[in-house]
Amino acid sequence: MNTETAAGRFGRFGGRYVPETLVPALMELEEAYAAARADPTFDAEVARVLREFVGRPTTLTPARRLTEAWGGAHVWLKREDLAHTGAHKINNTVGQVLLALRMGKKRIIAETGAGQHGVATATACALFGLPCEVYMGALDVERQALNVFRMRALGAVVRPVESGSRTLKDAMNEAMRTWVSQVSDTHYVIGSAAGPHPYPTVVRDFQAIIGKELRTQAQAAFGKLPDAIVACVGGGSNAIGVLHPFIGDASVRLIGVEAGGHGLDSGQHGASLTLGSEGVLHGSRSLVLQDGDGQIQEAHSISAGLDYPGVGPELAHLAKTGRMEVRTATDDEALAAFYEVARMEGILPALETSHAFARGRELARELGVGRYLVINCSGRGDKDVATISARGVPPAVGVKA
Amino acid sequence: MSGDIAKAFARAKARGEGALVAYAMAGDPDLARSVDVFTALVEGGADIVEVGVAFSDPIADGPVIQGASERALKAGSTLKRVLEEVVPEVRRRCPETPLVIMTYVNVIMAMGEERFAKLARERGVSGAILPDLPPEESGSLRATFDAAGVDLIPLCAPTTPRARAEAIAKDARGFVYCVSVAGVTGMRAELPPDLSQRLDLVRNASPVPVVAGFGISSADQARTLSAHADGVVVGSAIVRAAHADGPQAAKALCAEIKRGLKR
Numbered sequence: 001m002n003t004e005t006a007a008g009r010f011g012r013f014g015g016r017y018v019p020e021t022l023v024p025a026l027m028e029l030e031e032a033y034a035a036a037r038a039d040p041t042f043d044a045e046v047a048r049v050l051r052e053f054v055g056r057p058t059t060l061t062p063a064r065r066l067t068e069a070w071g072g073a074h075v076w077l078k079r080e081d082l083a084h085t086g087a088h089k090i091n092n093t094v095g096q097v098l099l100a101l102r103m104g105k106k107r108i109i110a111e112t113g114a115g116q117h118g119v120a121t122a123t124a125c126a127l128f129g130l131p132c133e134v135y136m137g138a139l140d141v142e143r144q145a146l147n148v149f150r151m152r153a154l155g156a157v158v159r160p161v162e163s164g165s166r167t168l169k170d171a172m173n174e175a176m177r178t179w180v181s182q183v184s185d186t187h188y189v190i191g192s193a194a195g196p197h198p199y200p201t202v203v204r205d206f207q208a209i210i211g212k213e214l215r216t217q218a219q220a221a222f223g224k225l226p227d228a229i230v231a232c233v234g235g236g237s238n239a240i241g242v243l244h245p246f247i248g249d250a251s252v253r254l255i256g257v258e259a260g261g262h263g264l265d266s267g268q269h270g271a272s273l274t275l276g277s278e279g280v281l282h283g284s285r286s287l288v289l290q291d292g293d294g295q296i297q298e299a300h301s302i303s304a305g306l307d308y309p310g311v312g313p314e315l316a317h318l319a320k321t322g323r324m325e326v327r328t329a330t331d332d333e334a335l336a337a338f339y340e341v342a343r344m345e346g347i348l349p350a351l352e353t354s355h356a357f358a359r360g361r362e363l364a365r366e367l368g369v370g371r372y373l374v375i376n377c378s379g380r381g382d383k384d385v386a387t388i389s390a391r392g393v394p395p396a397v398g399v400k401a
Numbered sequence: 001m002s003g004d005i006a007k008a009f010a011r012a013k014a015r016g017e018g019a020l021v022a023y024a025m026a027g028d029p030d031l032a033r034s035v036d037v038f039t040a041l042v043e044g045g046a047d048i049v050e051v052g053v054a055f056s057d058p059i060a061d062g063p064v065i066q067g068a069s070e071r072a073l074k075a076g077s078t079l080k081r082v083l084e085e086v087v088p089e090v091r092r093r094c095p096e097t098p099l100v101i102m103t104y105v106n107v108i109m110a111m112g113e114e115r116f117a118k119l120a121r122e123r124g125v126s127g128a129i130l131p132d133l134p135p136e137e138s139g140s141l142r143a144t145f146d147a148a149g150v151d152l153i154p155l156c157a158p159t160t161p162r163a164r165a166e167a168i169a170k171d172a173r174g175f176v177y178c179v180s181v182a183g184v185t186g187m188r189a190e191l192p193p194d195l196s197q198r199l200d201l202v203r204n205a206s207p208v209p210v211v212a213g214f215g216i217s218s219a220d221q222a223r224t225l226s227a228h229a230d231g232v233v234v235g236s237a238i239v240r241a242a243h244a245d246g247p248q249a250a251k252a253l254c255a256e257i258k259r260g261l262k263r
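So the sequences go chain by chain: A and B.
Positions 1 to 401 (the UniProt record's numbering) are the ones given, in order, by the first sequence.
Positions 1 to 263 (the UniProt record's numbering) are the ones given, in order, by the second sequence.
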């Protein structure tokens, strides 16, 4: 099933709101992408790299202790944290870098927030021998030192962005400005299912491997489709990737969890689906956090990957039409979920992913015993250890200190 | 068509000059003092004034105008306040000079397209330039502006293919804004060698005047371009001068560039 209602439109959302200089490049990308998709050798090459290099398919893991503790539906985890580089982001960067090579582009630029997309882009560029520049908010450069090192180790140049709030949205502004001036030989790898058409479609298609694998794995593991699938939502690439292949399955509840930050009443959150209004940010019309004069507001989340005041246009459409349910989790709830998953399942989830886990208990209970809940475990939490450990570590369990 | 813009170009032409379209940021350093900057631009010889309205995420702008946007937002600039406090006062002081609002589409959407068009016309705004609204997305907004008598001025880029550039020009309102370089706003020491050909192409297709903008900061550049365009836009250089040395510096820069536009 396709929710695209016209070229690059998802209901009222989507489109291509960019400077004229970029329009021809986006048209070129749209054509090149359609041609690649029509060419079976391209899909075969993407599939080969995902299998041989990324380690796909990622597994579907039963979360037995969480299932027991929560006392409701069977809980299963789609393990994107096991993909090479530690998150789902690599699915998209491999696809886009292969596309860029096909288009004859000579260099790659990208934006990054937490650094996971930057690392995944730098990785794909190292694999295929293309130079890579990553724009990253100066504040994020400071708080994500591990990923900054990983990008540099992989041969990429990290360019700190000092403008605005010095976070992801400003990194994306700067990447677009750079692209405008180097558009003829450069491909811009956007990491979220956001941005101008055709990016929301391209990123969704490359990330849909998550949901496609899940369909097959769910049938094999428990003989049916899941009753509900939950994913965290920042820009929304892991969410649209896992949820999209199930849009046409009315029996499957689709749930997105946004960053509640310090609480929805605090004004410091990243809940653009829940509290945003219609606007244009970074090239597409979607739901954005803005004031009454159309100025984009700064988002807040403990997880840098959800610290974004917009959301992909297709998710905005799915939320507005009611096909996707939207909930939120605060910083504190995400932190509690991080330790719960660590200690019950032996997995350190990313702080982004921890937001999806934070709503797991209530969803499992709503669904009830005998039903199946799949949580998209979008990434691993190693990158977040500095943030998390700064708040202290709870005592060990079952062992005297 | 508002007609004011066409008259301003015609007046410049009758004097044997290319038109100077001068940009400054409303609200930089604050709303009241930016009125003095706009007035100075006209005193320095600007034929059309672009009134910049700040947006938090200006993806088409280089560092100079980004800085001005941040200052204007800190000073409390909003589209509503610019239309109420800046535009009427500039019109009162400079009644002959058409004013064009330059901002990003989200700022217009937040006010509402119809409400903006009506209010803008009432306050004496002749046109609008929205650098993140390409033709494919501008249909309904332009119809609304047309009905209100506000020209939506299109942009044409160095990367725009020939047929698309001609289509943009043929259908233009007010004037065609030819972006001289692939990049963001800001001063450039050198302009691309094929710019004059590009301007000739657009000018041949366009029923309205054609101006070159982005990167232009000197009388020499203006002189070279005036053989191929009906005028030039100067933005970042003016914003920088006004920020560093006040309205008189902006006036002097306009006068200097205007000398380059005399034919």
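To be clear, the hints were calculated from the coordinates, so they are not data collected in a lab.
Any given hint could turn out to be false.
What the hints assert, rightly or not - Which chain A residues stay away from chain B? Per the calculated CB distances, all over 12 angstroms, these:
1. Glu-45
2. Phe-53
3. Val-158
4. Asp-170
5. Gly-279
Claimed, not checked - Listed below are the simulated SDA-like cross-link pairs for lysine to any residue, each with C-alpha atoms no more than 20 angstroms apart in a straight line:
6. B:Lys-7 with B:Arg-121
7. A:Lys-105 with B:Arg-121
8. A:Lys-212 with A:Glu-31
9. A:Lys-320 with B:Met-109
To be verified - Label pairs and their computed distance ranges (CB to CB):
10. A:Gly-292 with B:Arg-188: 49 to 59 angstroms
11. B:Gln-197 with A:Ser-181: 47 to 57 angstroms
12. A:Phe-128 with B:Arg-15: 57 to 67 angstroms
Idealized CB from N, CA, C, for every residue including glycine.
Here's how the hints hold up against the structure:
Its beta-carbon lying about 29 angstroms from the closest one in chain B, Glu-45 (chain A) satisfies the requirement of being farther than 12 angstroms from that chain. The beta carbon of Phe-53 (chain A) sits about 33 angstroms from the closest Cβ of chain B, which is more than 12 angstroms, so the claim that it is off the interface holds. The beta carbon of Val-158 (chain A) sits about 19 angstroms from the closest Cβ of chain B, which is more than 12 angstroms, so the claim that it is off the interface holds. Not every beta carbon of chain B lies more than 12 angstroms from that of Asp-170 (chain A), the smallest distance being close to 8 angstroms; the non-interface claim is violated.
Distance to chain B contradicts Gly-279 (chain A) as a non-interface residue, since its nearest Cβ pair spans about 5 angstroms, not more than 12 angstroms. Our distance criterion of 20 angstroms between C-alpha atoms is met by Lys-7 (chain B) and Arg-121 (chain B), whose separation comes to about 17 angstroms. A hinted pair counts as satisfied when its Cα atoms are at most 20 angstroms apart, and Lys-105 (chain A) with Arg-121 (chain B) does not qualify at roughly 46 angstroms. For the suggested pair Lys-212 (chain A) and Glu-31 (chain A), the alpha carbons sit about 25 angstroms apart, so the restraint of at most 20 angstroms is broken.
Proposed proximity of Lys-320 (chain A) and Met-109 (chain B) is supported: the alpha carbons are some 19 angstroms apart, at most 20 angstroms. Checked against the hint of 49 to 59 angstroms, the C-beta distance between Gly-292 (chain A) and Arg-188 (chain B) comes to roughly 37 angstroms, which is inconsistent with it. Hint check: Gln-197 (chain B) to Ser-181 (chain A), Cβ distance near 20 angstroms, so the stated range 47 to 57 angstroms is violated. The hinted range of 57 to 67 angstroms is satisfied by Phe-128 (chain A) and Arg-15 (chain B), whose Cβ atoms lie roughly 59 angstroms apart.
The earlier numbered hints that this structure contradicts are 4, 5, 7, 8, 10 and 11.
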